[in-house]
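Spelled out, the chains give:
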Amino acid sequence: MQKCKEKKKVLLIKLMRISVLQFMVVIMLSGVAFANPDYAQDILNKRLSINLKNVSLEEALNSIRNKVEVKFVYSSSIIPLKSKVSVNASQEKLSDVLNKILVKLDIDYSVNEHSGYIILKKNPGLVLNNIAKDSGNWMAGQDHIVTGKVTVKADGTTLPGVSILIKGTKIGTVTDADGNYKITVPNNSSILVFTYISFDTQEVTVGESTVINVQLTQNSKTLNEVVVTAAGIRREKSTLGYSVSTVNADKLAQKSEPDPLRALTGKVAGVNIQSSGGVAGGGTNITIRGNSSLNGNNQPLFVVDGVPFDNSSFTNVGATSVGASGVTNRAFDLDPNNIQSMTVLKGAAAAALYGSRAANGAVIITTKSGKKQSRKGTEISYSTSYAFENVAGLPDYQTSYGQGTNNDYRQGVYASWGQPFAGVPSILPTRLTIPNQLTRQFSSAVFPQFYEADGITPIQVPYKSYAKENVKNFFQTGSLYENAVNITSGSEKGNFTAGISRTTNTGVVPNNEINRTSINIGGNIKLENKFYASGSINYVTTRQKTPPIGGSTGSIMSALMYTPTSYDLTHYPYENPIDGTNVYDYTGVDNPYWSVKHSVSTSDVDRYYGNLVLGFDPLPWLNIQNTAGFNAYTDRRVNVRGKGSSSYPNGSITTDDIYRQELDNTLLVTVNKAINNDLTLKWILGNNINQRLTNRKAFYGDGMIVADLNTITNTSSVTPVQLVNNRNILEQRFYAFFTDITLDYKNYASLNLVGRNDISSTLPPNNRSYFYGGANGSLIFTRALKIPDNILNFGKIRAGYTRVGNEASAYQTAEFYLINSPLGASSGTGSIGTPFTPAGGSTYNSVTLANLLTNDNLKPEFITELELGTELQFFDNRIGLDFTYYSKKSTSQIFEVTAAPSSGFTTQILNLGRATNKGIEVGLNFSPFRSAKGFNWDVSTVFTRNRNIINNLGGYKQFVYGGASGTSSVHIVGQPYGLIYGTAYARDDAGNILIDPNTGKPLISGSLQAIGNPNPDFILGITNNFTFKNFSLGILFDWKKGGDIYSNTVGQMMSRGVTKDTEHREIAIVSPGVLGDVSTLKPLRDAAGKEIPNNVAISYEDYFFNGGLGPGGVDEGSIFDATVFRLREISLSYQLPKNMLKGTPFGSASISVSGRNLWYYAPNFPKYTNFDPEVSSLGVGNSQGYDNLAVPTTKRFGINLRVSF
Amino acid sequence: MKLRNKRYILLLTGIWLLSSSCKKFVDINADPNNPTTAQLALLLPSTQISLVGNMYQLNSGTSTFVQQTIFSTGQSRFQQQGSDFNNSWDGFYSQTLNDLESVINTGTTQQQWGYVAIAKFEKAYLYSLMVDMWGDIPYTSAEKGQQNTNPGLDKGADIYEKLLVLIDEGIADAGKITTTTLVPASADVFYTGTKNSWISMANSLKLKLFNQIRLVDPARSATAIKALLSSGAPLISSNATDFTFKFGSNQNPNNRHPWHRSDYQAGKTFYASQSWMDLLFDSDDPRLRYFIFRQNATAGLNNSTNSNGYYGRNPGDGTAAPADQSRRSVFGIYPAGGLYDNSPINNLPSTNLYLTNIGATGAPKVVAVTDGTGAGIMPLITNAMVKFTRAEAALTLATGDDARQNFSDGVSANLNSVSTYAATNNGVALSGASITGFVNRLLAQYDAADDAGKLNLVMTQKYIADYGNGMEGYNDYRRTGLPVLRTPLSPLNVFPLRLYYSQTELSANTFFSTNGSQLQIAQQTTPVFWDK
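Protein sequences appear in the order of chains Z and A. Residue 1175 in this note's numbering sits at position 966 of the first sequence, with consecutive numbering throughout. Residue 407 in this note's numbering sits at position 406 of the second sequence, with consecutive numbering throughout.
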């Protein structure tokens, strides 16, 4: 009886459902031949039959368009669309047909090799061949003949169809298929004007030259840009009803940034990228248009060459967790050198076809090997770059006071509130020497050199400041070294691409490095029948090494930044000369030098992904294409806590093998038909099948036997590690049917309807099928209303309303038990491991009901988004504005939140709530300066502002989740997403802090509270591009306004008294606030009933170090506004002129220097901490705004070289 | 055209073949990692391990309030925070009680009365303890899962009444088992299934509860205790039937006593309580060597270097900790499973008879994870506790019981317990003569004291015998105000009469959400119902 309930709902669409296998069978049976029409250079050779009499040119063009699937680009104010034309042809070449129609009208045309469009231009009053063949010289009697070649500046490809006009005359020509031209000019002072649609016009004075080669630069704002939207559908950007942003290779590669996501920072409006600090290979969090899922994944979907690309960031397990910040997110496996373009689909409208997984937007990446368009000829390019990196900013340490408390020198105390150094002007007695610090814990048997001859009396060492060098010396200069070779070879039939690249990034922390080697092969081929195929395969290995980072006691950062100023970290030994164990002044904490040598964890990723595309064009208006893809990796991690560590002397090794696999198949049937002369229809039916599998196995090996041998067999006992809810294997699947209908009216209006039905394995059977979709449209009103283009040369409005459904994660519907799960606290000294063997007893195995309250009636969650936008171009594209407003509402959210423990569970799966994200994205481009000499200045700014509000939590007031080190995140109704939650000051109704009258210190609120909002107010990125001849200079500046961060680093540095901020300390402070009652947490009142301002002074040290108002007290004291200004990226490049390359094997060469993060300014942090808030200790996830002793950010300088043969 | 038609027929046939498998394709949401049902024999041990596993915060915190140790500076200064007892509360409800409900429900369905009886005893014990700690807690609406995700509070007094009924139900359920074991030995960590032991535990729990509420309705308590004693119902009357959890020595998985885990490593959480060590030192109590181990022979208060090594902190000391991790006194062999302190003690009064340096041949050392077995114990209801309770009831309720005898039995039961434990864990046993002598000296003091003095002696000895279980000391202190504790150095609040609720509960339970903070603050000053 339970037969496919979903079937009825989607019966129609289901008819299209075919598996790859069957698809192939059908194809083989049919066996007919046709050529794939997608290839630009074939366009003019297409044959068609047409018979038109006395119709308007417009109708004729439409008719041709529908027959041979080509697009025409023209300016309706120049091309006489109403002119009557006639044509009769039978299976003639398109070029011949066009000649028949256009020559009479004095219209020239050319094919844009990039877009495949046919561009129509009115001839400037002279007769031209459509494609000039030795046709330049029309003016008899002149003998100054100029020849040359026109190429695209960016990649050196030739440009056919470029119009060349002698300025002030009507004399001109166009370039031939190979970009060559020949023209006779009247005299030496003639100026040649090179124009080509979507390229900047260039003027060159002829002078004595007989050969003038010209490189044209593509307009920064290309009107007829074609973008790849969801499911690989290529659409003209100007007709889209939603906002997308494309970033090309030249903006991503060779920028001294190995992480493809970080390279996007500041370049796309609506995208917020948060890196986790200066760890080589640290995680990068990316969200588009804010967080919409309250608890689920908010990372966008990554699609590489049509196949989903997992960007998970698995947190470490086991006792040696190095903290999430050290864990790479798997988008790192993409080499920026192999990326052709990245398209960001920001909203639900754009991403609806990808279904639930793209509910947070999608990043569509086309790799060089996956590129479908072929290009004739063979090109080999090689690029290399080297960059070095340093910590971007270190605190200014105070140099007056040493280790200790209460102005007194104390050994082993992790604070610098001690006695002043000799020579420091102070009312306190100063001190000249101290006994060698290491003698506190180590006898003369270990360090005889630190003792006098008697072996008992410690030697005296100078009591002075080492603060200026301790931290500085620890960090090293890191490097980034990239090499990439790419080979492309192609013909009209197809092409082949292969590439190999290697990136090695050595971090600023010793022994931290990540390297990535990737190999890719791709190709495409057109068969003589109607088939075509393409495919690519990639293999990537990513190897990461990381010493322990993140706040735990074995971490290198746990004490580094606030090492007591009088401790000589650089020169004191860090290893016990007898047994190699840790040597440090502070008990229980490992010396960072020791950790980087003995506690290095590794992650070895091997990733394979690829796709196979098979296409078939049975009829001129019908295309069937199937894309099958796979993407899998293994991540083999070994987490090490070295033997002899002070935090865990036995040492331990945790192995964690993660296997992640994704299989995906998409079948598309595309119908492309003209309904009438004005209206064309593109109708896509699709089917998508997907499976994701995670299989993870972790083992904990306790007690290393031999030091520094990091294999789990080198431990004395091995036990399996239980993941959360013991979920080692996670498997989920869905299949979906979708349709995408686009109606184009004339060349200015477009309507797009999208619908999709998903059937997901993770939802209960009665709810597992769900439908969603939307509509969007655009109107180019400048064309529709025929607005003169002298000021506003392009204007478009767009609108869309879309709903996207989202599935649950696996296994959230049924209750389950855990076998031999740790009981009591889940970790730490309070827990009891199982199986349990009491003293003298036998072993007890156990099962316990899991603490996850599952929900057997889960329904899909939905995100609804309204998007409105406009694109305007002024003054011949000199100024361009792209403005988007969106309002996104997430409802019936599936989220795992803390449950009331008294219900019997600690987490529960809910299916309720509502959150909204509203925001604007502005892209503004303008060219303040352009000169005939080729000096151009272009500015492009992106502005992102998002406001998210939790509207409803289904009756709950707040939900707490995530977090670290006592603080966590909280959703509160009526408040922004994911506030920082922690201990707070007790306050009176007016917000004054209550002060304990006995101690002068603040009282602590009775319950944890929201203490900060990590969501930034806005993000602004400004890129200035200067080009002059072969030079180009790009400067990216960004400004992130607002957004709080809980900074344990700053809190600790302040509380431990190490920076200059706390140098002037020989004073007492009366904290602002009013006196309060310690029991009731209400303000105390005087006889008149008035609150009493605090009148109790405390020492400067207590203010910071011992629960005062400073950052060392409650969590609230360590909350800072993370506003930051930054010079993100600067690059100066030089394209070597062709004549310089003569005699070399190189076809082109460019050299550039680049710098990243060269300057930043975070005004709201204590001045001398020099803190860069672009760190996140929680890495990737929905808990943001935490710095728990993160590794500081880095700055890089690099030099890059690219040559092609 | 013909060819095309054929093509479509083929296509449709393929689709038809394929579509029948679609349900199977997505029917994969059954968790392949975990079972969805549980055997009682595996579930019951889980409840017992988690019962004790979740006590760590609670035990350490209450031990701090009554100055038996110092777990956190804030608690030592009577300042509570919402996360102080989070783990215990959350774990009791989500692990222990949840699994107990499961055992009771499934066991009742399957008529496995032995499991049901034990689960009811554990449930009654745990809920009564939680009422003692927090006052009003969720009971009737708790553990309902989806049916009630926001349980409200029940009055502590009401819960107590229900628990007394529950114990009787459990005894009746146990009565349905005719064999000597309620459940197989492999399913019961506490008593390896022994029926008599569980019945003794149940009756002892009733005795404890009736005594606990004696201030509210003395007549009722007196009657109930008299009836219990005269009924011949077995109580825990020998150390062998102590309701005590025995930890293991395995480190991986870690089965050790949490105090051992916490103190026998470089980074320590605890300080020894100076008042606790002084109490034992000053009263010539031989148990000091068992309870406390010194890492240094001369360290003293404020990290001084000329004392006797008993270096802890005074209650309520708010100053920052110096780097003294290798100098602090740590937990000894009992109950944490650490080391027996067999080193000479400086400055011992020459008059000492029981805490002496005779045979003290050891040397202090900096402890490491390899020191001691970690196989400590968690005393829940012991023979000694039962005896002291009877003594207290006899003195205050005139139950007719022999207070002096019970006092004497209680002290010697504890000394024997400590001694026996040490002897089997690489420590040194107390001689029988020492135990007798020590008890007799106390009895002489007892005989010389007035009624208040007698009660003070009983409660002080109970306080010492309870060591390892701070909850009982905390209960007794709030009920009797005995023993008189040292005044904390710089308290931040008044002595807490109830514990702070779990921050998790406050945040996640809509029942609390309106005024969680005020309710929380009121806990500090609101007495539990039995605390008059």
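Wrong hints could be hidden among the right ones.
Said to hold, decoys possible - Straight-line Cα separation of at most 25 Å, PhoX-like style, residue types lysine-lysine; simulated pairs:
| hint | chain 1 | residue 1 | chain 2 | residue 2 |
| --- | --- | --- | --- | --- |
| 1 | Z | LYS1068 | A | LYS25 |
| 2 | Z | LYS1068 | A | LYS24 |
| 3 | Z | LYS1068 | A | LYS145 |
| 4 | Z | LYS280 | Z | LYS702 |
| 5 | Z | LYS262 | Z | LYS276 |
| 6 | Z | LYS1142 | Z | LYS1347 |
| 7 | A | LYS145 | Z | LYS1166 |
| 8 | Z | LYS1351 | Z | LYS1238 |
| 9 | Z | LYS955 | Z | LYS882 |
| 10 | Z | LYS362 | Z | LYS391 |
| 11 | Z | LYS291 | Z | LYS1142 |
| 12 | Z | LYS358 | Z | LYS1347 |
These are calculated hints, taken from the structure and not from any lab test. These figures come from a predicted structure and were not determined experimentally.
Hints and how they fare:
no., hint, result
1, LYS1068/Z <-> LYS25/A, "holds, 20 Å"
2, LYS1068/Z <-> LYS24/A, "holds, 18 Å"
3, LYS1068/Z <-> LYS145/A, "holds, 22 Å"
4, LYS280/Z <-> LYS702/Z, "holds, 22 Å"
5, LYS262/Z <-> LYS276/Z, "holds, 17 Å"
6, LYS1142/Z <-> LYS1347/Z, "holds, 18 Å"
7, LYS145/A <-> LYS1166/Z, "holds, 21 Å"
8, LYS1351/Z <-> LYS1238/Z, "holds, 19 Å"
9, LYS955/Z <-> LYS882/Z, "holds, 14 Å"
10, LYS362/Z <-> LYS391/Z, "holds, 20 Å"
11, LYS291/Z <-> LYS1142/Z, "violated, 39 Å"
12, LYS358/Z <-> LYS1347/Z, "holds, 12 Å"
When held up to the earlier numbered hints, the structure conflicts with hint 11 and nothing else.
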